[in-house]
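Residue -1 in our numbering is what sits at position 14 of the sequence shown, and the numbering runs on without skipping anything.
These are calculated hints, taken from the structure and not from any lab test. Certain hints may be false.
Computed spacing ranges between beta-carbons, pair by pair [to be verified]:
1. T16 with A236: 22 to 28 Å
2. G308 with P412: 54 to 60 Å
3. K305 with P224: 43 to 49 Å
Distance condition first, Cα-Cα at most 25 Å in a straight line; then the derived SDA-like pairs of lysine to any residue [stated by the list, open to error]:
4. K(-7) with R380
5. K411 with G122
6. K(-7) with K411
7. K(-7) with R391
8. K(-7) with L225
9. K140 with G158
10. K(-7) with G14
11. K535 with T493
12. K140 with G271
13. K323 with D435
14. K11 with L419
15. K411 with H511
16. K444 with D519
17. K143 with T76
18. K323 with D284
19. K411 with D393
20. K140 with T114
21. K(-7) with D315
22. K11 with K276
23. K444 with H467
24. K411 with H127
25. K(-7) with Q219
26. K411 with R425
27. K143 with T113
28. K323 with K535
29. K323 with H514
30. K18 with T8
31. K276 with E334
32. K323 with W216
33. K444 with D383
34. K444 with D433
Backbone N, C-alpha and C fix where the C-beta goes; we use that ideal spot for every residue, glycine too.
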Amino acid sequence: MTGMSFDKAAQHVIDTVPTFAVTETKIRGVTQKVFANTPAHLRDLLLSSRAAQGDGAADYLVFEGQRWSFDAFCEDVRRMADALTTQHGVTHGTRVGIAMRNCPELLIVMMATVSAGGVAVMLNAWWTTEELEYALGISDLHLIFADGDRIERLKPLKADRQLTLIGVRDGDGASDQSFSDLMAQSTSTGWPDVDIDTDDDFAIMFSSGTTSHPKGVVLTHRGAINAVFSWLMQFHMGPLVNPPAPDAPAAPRPCALVVTPLFHVTASHPLFLLSLPAGAKIVVMGKWDAKEAVRLIRDEHVTRFLGVPTQCADLLAAAKRMGEPLDTLDYMGSGGAKRPAAQVHELAEGFPTADIATGWGMTETNALGIGLSGDDYLAQPGLAGRLHPPVQSLRFLDDDGNDVPRGDIGEIAVKSPAIMRCYLNKPDATDEVLKDGWLRTGDLGQIDADGLVTIVDRKKNIVIRGGENIACLDVEGALHRHPAVAEACAFAVPHDRLGEVVGAGVQTRDGAELTTEDLQAFLREHIAHFKIPDHIWIQDDPLPRGATDKLDRRTLRARCLQTLAASDQ
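When you get a sec, could you build the whole thing from the sequences and use the hints?
And the structure:
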């Protein structure tokens, strides 16, 4: 049976499924396409998803042997929302910090905060005390839920910042209260009585960007929900584009394995939030372990895996070693970094039941963007994919903001209700990238006659290490703190497993002695471990500079990579 074209399938779903009907409205003065009949905010999304989840007593959330039904999860969210309201005064617009590794408490606190009308501030669990202090300052945080390691890093800031720390595990040291004790103080049987507008803020999530400090990306309820239902619509389009065989068995209940950090949109949005209306079970890993991932996929009948390319490669290798086919998988996506073309075919051979997929999105877009899977991706693994319909628009711009001819390379710009409201407390940075509802992404790409996008380069000077964005200026700022460093320049170094790691060229001050080991040890006190350069080239001579006297990053990188290649011979 021949399927519909992608565009015809999208229009058919819009025309025939009321959930995906589209209308127009003004958002911050700009006319936007939006879904007409979706929940207004995330509390509504949670409560309206019970029908999709079917039996409220069935497993919904699995973590390290613990299990929550959907009803039990909602009840924990409701109790925590009540406790936040009555015990800590959380109400409309109150910011609540979340600093922890992946665990059920993170999801409960996130949904409880937004259900009480508050704003969840998602702090990177790998940040040092110094990096956490900056984030606390710009977000004006005073109430934070954290686990043991994060509590230890926040402890030096507690007095000056007047922090109240809630430990998510009983026995977390230096916390003012435990998660379980706070839950026990809930007395109401109802949800908080607070009005939530669809355009209210629901979260602040952090993006490295190209500046020395992470930017707080302010996201709204409407933005998250329009992203979620754009992905949900793909489930309805799939059988129209690729009709199943007449005798094909019914699809199993979807189940997603969460392996990337929930403080990033790759996990929080197309896995957790999407699981609600999709009726999916989610299995959460606290820390990546390929062998454990194989076991969980097998035992929990996981159908959906979304990880960075490194994790996909690790999973394939572990499954082969363990002799596990993992034939419940029907989707294997990649986010955070571009998957190497060779890996696409290796995964297709290793997991023949799964559609191998790629995706492109940003924190600033609630992770919504471009995607491709199946035969189209196998045929052209260098592609980023098609724009997810129906509420997004796409342009390719030159440096002056004019559209380039189709097929030419330009800066990717997207417009949709999923675009961030702003960068927190950074109006100039916001105005630089947001113009008339269009977000200039900083990525360079081109689009062909079939609407397929290729991303060819990054204008942003970042390193993507295993899916984690690292601003070179952030690394350089830390390097310059060392008293022996006169000048420093960071750049990406190719890596077989992680895609890229950080490299740096360093000029020492006159008479100073410095080793790579000394400098790496120094950096551990100032930046997260994943930002520390794997390769450092130390020299007495000045670093190369261009015609405008700026550091010539490209020339320095080429020289350093040449010496690295020579040393490997």
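**Pair hint outcome, K276 versus E334 [Cα-Cα no greater than 25 Å]** = holds (19 Å)
**Request:** With a cut-off of 25 Å on the C-alpha distance, tell me whether K323 and D284 pass.
**Result:** violated (29 Å)
**Request:** Assess, step by step, whether the Cα of K(-7) is no farther than 25 Å from the Cα of Q219, and give holds or violated.
**Result:** At roughly 13 Å apart (the allowed maximum being 25 Å), Q219 and K(-7) satisfy the hint.
**Request:** Mind checking the alpha carbons of K323 and H514 for me, to see if they're no more than 25 Å apart?
**Result:** holds (22 Å)
**Message:** Need the status of pair K143, T76: alpha-carbon distance at most 25 Å?
**Reply:** holds (23 Å)
**Item:** Pair hint K411 and G122, alpha-carbon separation not exceeding 25 Å
**Value:** Measuring from Cα to Cα gives roughly 13 Å; hence the hint holds.
**Request:** Measure nothing beyond the straight line between the CA atoms of K11 and K276; if it is 25 Å or shorter, mark the hint as holding.
**Result:** It is violated: about 49 Å lies between the C-alpha atoms, which goes past 25 Å.
**Prompt:** Measuring from beta carbon to beta carbon, are T16 and A236 in 22 to 28 Å?
**Reply:** violated (37 Å)
**Message:** Can you confirm whether the C-alpha distance between K(-7) and D315 stays at or below 25 Å?
**Reply:** OK: K(-7) and D315 at ~24 Å, within 25 Å.
**Item:** Satisfaction of hint between T8 and K18, Cα-Cα up to 25 Å
**Value:** holds (6 Å)
**Message:** Verify the CB-CB distance for G308 and P412 against the hinted window 54 to 60 Å.
**Reply:** holds (57 Å)
**Asked** Taking 25 Å as the top limit, are the C-alpha atoms of K(-7) and K411 close enough?
**Response** Outside the cut-off at roughly 41 Å; violated.
The structure fails to meet hints 1, 3, 6, 10, 18, 19, 22, 23 and 28 from the earlier list, while all remaining hints are met.
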